[in-house]
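*Asks:* Sequence:
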Amino acid sequence: MCIVIDTNNLSCVFKKENREHADFEPVYRWIISGKGKIVYGGTTYERELEETPTIRKLFLRFSIYNKVVVVDKAAVDSKEAEYKRHVNSDFDDPHLVAIVAVSGVRLVCTNDKRAIPFLTNKEFYGKGKKPKIYSTKKNEDLLCDKNITKCCKPASQLNKDKQEFFV
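Position 28 of the sequence shown, counting from 1, maps to 282 under my numbering, and the rest follow consecutively.
Hints are computed from structural coordinates only; laboratory data are not their basis.
Just so you know, even glycine gets a beta-carbon here, dropped at the ideal spot from N, CA and C.
Hints may be right or wrong, so weigh each one.
Simulated DEER-style distance windows between Cβ atoms [to be verified]: (1) R339 with K270: 19 to 27 Å; (2) A335 with S410: 19 to 27 Å; (3) A276 with S332: 17 to 25 Å; (4) S410 with A329: 24 to 32 Å; (5) E304 with E271: 32 to 40 Å; (6) K338 with G380: 17 to 25 Å; (7) T308 with K383: 29 to 37 Å; (8) K367 with K338: 26 to 34 Å.
Below, simulated DSS-like cross-link-like pairs (lysine-lysine); rule was C-alpha separation at most 25 Å, straight line [unchecked claim]: (9) K384 with K311; (10) K384 with K327; (11) K269 with K338; (12) K367 with K392; (13) K327 with K270; (14) K327 with K407.
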């Protein structure tokens, strides 16, 4: 299973003290003890990730354990620029749509109500395949093997010793 996590939700997923962590804790567990992988890429996402150094370090650790997939930066930046030209609104997350379009990821973690209509607009994606949205614990059933995309294979679980580092 692959997931794009909106940078606005990184602290919800990875910081236990966050008031919304209970809703996003299944995503964290699925990455740590399941087959989950984080997918990201592009200049905008990298810049936003740099603004949260503790989570950036966590991503680096995840990459050591093959729990991160970085999508081609130039391809994401190109798609993002294309989407910015065609969307006339206050949508400020075209980089997320671009990551999904380039990677083929089927799941996005966000609770940004402004972003969801754009993320689920199948006109942005080849063959009209729009992603599903994980926005609350009620969506836990989306964290499953059927949502593992080609860019995330092989997907495997961390052994117990490696899991303990993240707990």
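*Asks:* Looking back at the hints listed earlier, which ones does the structure fail to meet?
*Replies:* 1, 2, 3, 5, 8, 9, 11 and 13
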